[in-house]
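2 protein chains.
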Amino acid sequence: MALTNPNPMGPWKITVYDQEHFQGKRMEFTASCQNAMECGFDNIRSLKVECGAWVGYEHSSFNGQQFVLERGEYPRWESWSGSNAYHIERMMSFRPICSAVSIGSHKESKMVVFEKENFIGKQWEMNDDYPSLQAMGWANNEIGSMQVQSGAWVCYQFPGYRGYQYIMECDRHGGEYKHYREWGSHAQTFQLQSLRRIQQ
Amino acid sequence: MALTNPNPMGPWKITVYDQEHFQGKRMEFTASCQNAMECGFDNIRSLKVECGAWVGYEHSSFNGQQFVLERGEYPRWESWSGSNAYHIERMMSFRPICSAVSIGSHKESKMVVFEKENFIGKQWEMNDDYPSLQAMGWANNEIGSMQVQSGAWVCYQFPGYRGYQYIMECDRHGGEYKHYREWGSHAQTFQLQSLRRIQQ
Numbered sequence: 004m005a006l007t008n009p010n011p012m013g014p015w016k017i018t019v020y021d022q023e024h025f026q027g028k029r030m031e032f033t034a035s036c037q038n039a040m041e042c043g044f045d046n047i048r049s050l051k052v053e054c055g056a057w058v059g060y061e062h063s064s065f066n067g068q069q070f071v072l073e074r075g076e077y078p079r080w081e082s083w084s085g086s087n088a089y090h091i092e093r094m095m096s097f098r099p100i101c102s103a104v105s106i107g108s109h110k111e112s113k114m115v116v117f118e119k120e121n122f123i124g125k126q127w128e129m130n131d132d133y134p135s136l137q138a139m140g141w142a143n144n145e146i147g148s149m150q151v152q153s154g155a156w157v158c159y160q161f162p163g164y165r166g167y168q169y170i171m172e173c174d175r176h177g178g179e180y181k182h183y184r185e186w187g188s189h190a191q192t193f194q195l196q197s198l199r200r201i202q203q
Numbered sequence: 004m005a006l007t008n009p010n011p012m013g014p015w016k017i018t019v020y021d022q023e024h025f026q027g028k029r030m031e032f033t034a035s036c037q038n039a040m041e042c043g044f045d046n047i048r049s050l051k052v053e054c055g056a057w058v059g060y061e062h063s064s065f066n067g068q069q070f071v072l073e074r075g076e077y078p079r080w081e082s083w084s085g086s087n088a089y090h091i092e093r094m095m096s097f098r099p100i101c102s103a104v105s106i107g108s109h110k111e112s113k114m115v116v117f118e119k120e121n122f123i124g125k126q127w128e129m130n131d132d133y134p135s136l137q138a139m140g141w142a143n144n145e146i147g148s149m150q151v152q153s154g155a156w157v158c159y160q161f162p163g164y165r166g167y168q169y170i171m172e173c174d175r176h177g178g179e180y181k182h183y184r185e186w187g188s189h190a191q192t193f194q195l196q197s198l199r200r201i202q203q
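Protein sequences, first through last, are from chains A and B.
Under this note's numbering, the first residue of the first sequence is numbered 4, with each subsequent residue one higher.
Under this note's numbering, the first residue of the second sequence is numbered 4, with each subsequent residue one higher.
Everything labelled a hint here was simulated from the structure, so no lab data went into it.
It is possible that part of the hints are untrue.
No copy labels: a pair is met if it fits in one copy or bridges any two.
As a list, the in silico SDA-like pairs of lysine to any residue whose alpha-carbon atoms are at most 25 Å apart [as the list claims (entries may be wrong)]:
no. : residue 1 : residue 2
1   : 125       : 53
2   : 51        : 143
3   : 110       : 43
4   : 28        : 183
5   : 119       : 109
6   : 110       : 132
7   : 110       : 127
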């Protein structure tokens, strides 16, 4: 069977529910939601991504832990959360990832990672998915800074795409993330051990 | 910087600890461990994969939940676990994934997935990583059966490499997984929404 991306450039669509397993109050979104409470949701407990790639956030106004949401079904919190270091189990805002390249477009995602903060030290140009940076020869479990030249990326604390997630986009911060403090409000260290492109 | 896999074909090496964050009793392994208890470990609470790709299991004798372990540091249970549907927080056995292709070898990993059990229905040949099968045009959130022709793969319950993990290898079961009952003792449904190659 030949499979092709049915909607290469969106539009974006996500359906959220206030109960697990797609039960309870239901609402469709085709654009970002800054505060689920203002849409009448105390919490979002399950969701279906029907089109595009999205990022969900633990808090309103796109703050706190980040979760990449790609097309498919997420019946409960643990199906999208990367970390259960603390059990907040909530998602209060979300938005489309506009710079994610579309599958099959042959448009490349490109990012340069640096050993130290402020774009210094050893550097490595990435254009693929890397479930273990150390298996590829990166010397340690940290990355100091990053420049996203095209596309959108998700970086993870642990190998195999586990732990805290950090969404990095060419059209945010000018694509420049020069210190872990710019990765997101939940970032506390330079620890990064796997990363991959976001495609939609 | 040009990066290359420093040890393309092994040998395998994993160091396990009985406390989180690489503390407590410590032991190195270069081959499989069928029962951590017999090595004096009540539990394994952190680990470092120094060479090769491994699979960890919740129970002894390679039973229960499966966790792919690639090169890097895993300071606590949540850094390797795919699912916290129930909080066992243990790893009691582990082994190398011998059929994982080595990074940069240009040896392809190949698998065919089928819509229905027993290798019937629509089929799709895979030789890449797929964070969302639905984004690629697969019609639903299930796969009926799989034939692994080369390499080793990890399949996940949810998109974005989340949820229960199932390790599929060309040199086990003759590479044939004709029903979810053959995916592992923890498999309870056909639900699979992302999958990727295991490289070491």
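How the hints compare with the structure:
Taking the shortest alpha-carbon separations for residue 125 and residue 53, only the inter-copy value of 21 Å comes in at or below 25 Å, while the best intra-copy value is 40 Å. Proximity of residue 51 and residue 143 under a CA criterion of 25 Å is satisfied inter-copy only: 12 Å between copies versus 36 Å inside one chain copy. Proximity of residue 110 to residue 43 under the C-alpha cut-off of 25 Å is found in neither arrangement, the shortest distances being 39 Å within a copy and 52 Å between copies. In the homo-oligomer, the alpha carbons of residue 28 and residue 183 never lie at most 25 Å apart, since the shortest distance is 37 Å inside one protomer and 32 Å across protomers.
Taking CA atoms no more than 25 Å apart as the test, residue 119 paired with residue 109 passes in neither setting, with 31 Å inside one copy and 31 Å between copies. In this assembly of identical chains, residue 110 and residue 132 lie within 25 Å of each other by CA distance both inside one copy and across copies; the values are 15 Å within and 17 Å between. Both within a single protomer and between protomers do residue 110 and residue 127 lie at most 25 Å apart by alpha-carbon distance, with minima of 20 Å and 23 Å respectively.
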